[in-house]
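Visitor: So you can see what is in the structure, the chains are spelled out below.
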Amino acid sequence: MRRNWWRWLLVLLVVLAIFLPSQFWLKQRITQYKSNYKTPLSPTIMVPGSSASQNRFDTLITQLRKETKSAHSVLKVRVAESGQLTYTGSIKRGDNHPFIVVAFENNRDGYSNINKQAQWLDLAFKDLVKTYHFNHFSMLGHSNGGLILSVFLEKYLTQTAHVKPERLMTIATPYNMESDSTTKQTAILRELIKGRSRLPKKLTVYSVAGTENYSSDGTVPANSVNQGKYVFQNQVAHYTQITVTGDDTTHSDLPQNKQIILLIRQYLLQEVLPDKDRVSVIKRSQHADTDETGLP
Amino acid sequence: MVGQLRGLWRLNQRVNQWRAMRAVREALRVAYPFILVMALTDVIGQGCLSKSGFFFQIYHIGSWLPGITLWRQALQAVSVVVNGLVAVMIAFTTGHYLARTYHTEPLAVGMMSALAFLTLNVNYSALGQNGPTGSSFLEANLGPQGIFLSILVGLGVGWLASHVMQGLAKWWLRRHQVALSWTSRIAWSLIVVLSLTVAIGYGLSWIGGGGINNLVYLSLQTLNTNLGHDGLRILTMTAISNGLWWLGLIGPIDVAGNSSVTSLQNLAYAVQHGSGWDAPHPVTLHTLGDAYANFGGAGMTLALIIAIWIGSRQASYRRVANQTVIPNLLNLNEPTLLGLPVLFNPVLLVPFVMAPAVNIVLAWAAISWKLVPPIVYPVPRTTPGPLVAYLGTGGDWRALLLSLLCLGVSVVIYLPFVRLLNDAGGVDHAA
Chain A
642 MRRNWWRWLL
652 VLLVVLAIFL
662 PSQFWLKQRI
672 TQYKSNYKTP
682 LSPTIMVPGS
692 SASQNRFDTL
702 ITQLRKETKS
712 AHSVLKVRVA
722 ESGQLTYTGS
732 IKRGDNHPFI
742 VVAFENNRDG
752 YSNINKQAQW
762 LDLAFKDLVK
772 TYHFNHFSML
782 GHSNGGLILS
792 VFLEKYLTQT
802 AHVKPERLMT
812 IATPYNMESD
822 STTKQTAILR
832 ELIKGRSRLP
842 KKLTVYSVAG
852 TENYSSDGTV
862 PANSVNQGKY
872 VFQNQVAHYT
882 QITVTGDDTT
892 HSDLPQNKQI
902 ILLIRQYLLQ
912 EVLPDKDRVS
922 VIKRSQHADT
932 DETGLP
Chain L
3 MVGQLRGLWR
13 LNQRVNQWRA
23 MRAVREALRV
33 AYPFILVMAL
43 TDVIGQGCLS
53 KSGFFFQIYH
63 IGSWLPGITL
73 WRQALQAVSV
83 VVNGLVAVMI
93 AFTTGHYLAR
103 TYHTEPLAVG
113 MMSALAFLTL
123 NVNYSALGQN
133 GPTGSSFLEA
143 NLGPQGIFLS
153 ILVGLGVGWL
163 ASHVMQGLAK
173 WWLRRHQVAL
183 SWTSRIAWSL
193 IVVLSLTVAI
203 GYGLSWIGGG
213 GINNLVYLSL
223 QTLNTNLGHD
233 GLRILTMTAI
243 SNGLWWLGLI
253 GPIDVAGNSS
263 VTSLQNLAYA
273 VQHGSGWDAP
283 HPVTLHTLGD
293 AYANFGGAGM
303 TLALIIAIWI
313 GSRQASYRRV
323 ANQTVIPNLL
333 NLNEPTLLGL
343 PVLFNPVLLV
353 PFVMAPAVNI
363 VLAWAAISWK
373 LVPPIVYPVP
383 RTTPGPLVAY
393 LGTGGDWRAL
403 LLSLLCLGVS
413 VVIYLPFVRL
423 LNDAGGVDHA
433 A
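Here the protein sequences line up with chains A and L, keeping their order. Position in the first sequence (first residue = 1) + 641 = this note's numbering. Position in the second sequence (first residue = 1) + 2 = this note's numbering.
It is possible that part of the hints are untrue.
To be verified - Calculated pairs, SDA-like style, for lysine to any residue (alpha carbon to alpha carbon, straight line, at most 20 Å):
no.	chain 1	residue 1	chain 2	residue 2
1	A	Lys771	L	Val273
2	A	Lys767	A	Asp821
3	L	Lys53	A	Gln664
4	L	Lys53	A	Lys771
5	A	Lys668	L	Gly396
6	A	Lys675	L	Leu266
7	L	Lys53	A	Lys843
8	A	Lys675	L	Leu269
9	A	Lys675	L	Leu246
10	A	Lys805	L	Gly396
11	A	Lys805	A	Lys843
12	L	Lys53	A	Ile659
13	L	Lys53	A	Glu807
Because the hints were derived from the structure by calculation, they are not lab data. All values reported here derive from a predicted model rather than from experimental measurement.
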């Protein structure tokens, strides 16, 4: 009898020794699955520069559609000064890589306007996440659109922490506004540098500049684009600067520049381009998958 | 019921009289200690040291055990040798024992049948080519999944070689009035046997790539693809699969290791919605079979072990049960199957197929009536059976209750058959 009692106790101990740790393991695994989970839907959010409407990227998108042969659908959002959202277009069912263009009624230049626009972008963004339930996305910003996206990333994205940005490409974004100086920082640059530690650590950033001559694309000084390194370098996972010269490199032509479209396809949309079109820079290694347990 | 059990008992007794059955039992008895050691190695290797092992994960062994790669490699070496060649051993022991009953040369015939088994699994496509084009044997077939074939080969070669030897000796004696030398007897029968099996093996290599085993497996796998959500089909498939395990055809229908699209979709749903209720694919082979009908491995052998503890008076059975309970907890049940043996045991075939089938019906009903959610989160293969459903549902206690119910029901199903075997006796069970 006494022996039996010991035996049962042993069985109980073994069961507990297996059961209790497996509880903790379970909790840990589930949170891990949740944080690793990616929705099939992964839109590219496009923000045009100052004085541009939600139709700013139409030429670019037509080009992209023609070249990629995948029918990226387009949803356009216009944010009024009151914060009211107007949607045109739609995300087609089954299209997991749509474009979402966010434009603003107040699309004026200047420090305070850009800050307001970032706040409006956040409004639109939250509404989009609520409607379409995506948890990762990429961004394309032209000119001041890049500034709006940068401010948004630093100031507002932390409020929707479960949505992870993957790639940001800014085209001719004047991180130091119109200033050609390499030493004087304008208000917006100061602010971006101050908040840079809040940038998403896993983000990959490409800053594309166009130059007509050696110093400017006609509107934005090359030096101002270059100041982006003080914001992103050593803060995000990768920061790459690319300068495009040749035909169609004036500031407003850049979004439909052939070279830049290829850059967008290769880096932002991560298409596999045919060899002749590929822009050969460094090959980025894919992150190896974490060691997953096989399904039972 | 009692009458039927009596009938089963008589069948069992008769089958046990057959020379071939006795040879198989004897062969498995000799192979059992080797397989037991292999299984215990696998318990440590797969359960505790492998990254996907259950105990490795819950105890975070990787973070505190020094030199883990070294341990892994050492255990893998043992596992590769013993686990990888178990079928060859069984071919040897079967041929050996059969030859003994014919009173010919047991050792020579055993070696002959091991060689014959190997010739059937030569990688013919890699022969005649220069350079390292792969292994010269189909290594996958030499492990546990080759057991059925090795038994067949052992029996065939044992019979053929014994008869060739005896016939040759008689014929020689009549013709030349002197006895045929030992060497000639062995050599001639070896030539006969090997030319026959090489011819078969080479012929089969024209039909399919993976040798004779692959042929059987491929034909069965076609049944397995696209099982869908039909509970009846899942039930039939599991029953057939377990029947094949009983024959020694281990794992043609891979019930475990299921990483199909449906499971991934279920996981995606659960991650988004927080639980597996209303997952898109509630009834699949994975959510029924893996979760509720695979405790200890195919045939709910964990329940068999408990049934033996409760109801068996056979010392050998109790011994095997005690020795194999730990591998069974990690769903490694080959030693139980070969040690009792469950393989080719007509009495145990019934519960071996019935217990998982009943469990699948129970789980099917419970999931359809929304009493439990289906399992959605992946769990390691070496997770103790009754915990699979609990952990797979993300910690739903109803799933745990259902698991325990399934275990209980299976024990009840196994018990009468285990008791029936109490009357079996004699030398066969003196393991």
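Visitor: Please go over all the hints and tell whether each is borne out by the structure.
Guide: Status of the hints after comparison with the structure:
| no. | hint | result |
| --- | --- | --- |
| 1 | A:Lys771 <-> L:Val273 | holds (17 Å) |
| 2 | A:Lys767 <-> A:Asp821 | violated (35 Å) |
| 3 | L:Lys53 <-> A:Gln664 | holds (18 Å) |
| 4 | L:Lys53 <-> A:Lys771 | violated (38 Å) |
| 5 | A:Lys668 <-> L:Gly396 | holds (8 Å) |
| 6 | A:Lys675 <-> L:Leu266 | holds (13 Å) |
| 7 | L:Lys53 <-> A:Lys843 | violated (26 Å) |
| 8 | A:Lys675 <-> L:Leu269 | holds (10 Å) |
| 9 | A:Lys675 <-> L:Leu246 | violated (39 Å) |
| 10 | A:Lys805 <-> L:Gly396 | violated (25 Å) |
| 11 | A:Lys805 <-> A:Lys843 | holds (9 Å) |
| 12 | L:Lys53 <-> A:Ile659 | holds (17 Å) |
| 13 | L:Lys53 <-> A:Glu807 | violated (29 Å) |
Of the numbered hints stated above, those contradicted by the structure are hints 2, 4, 7, 9, 10, 13, listed in ascending order.
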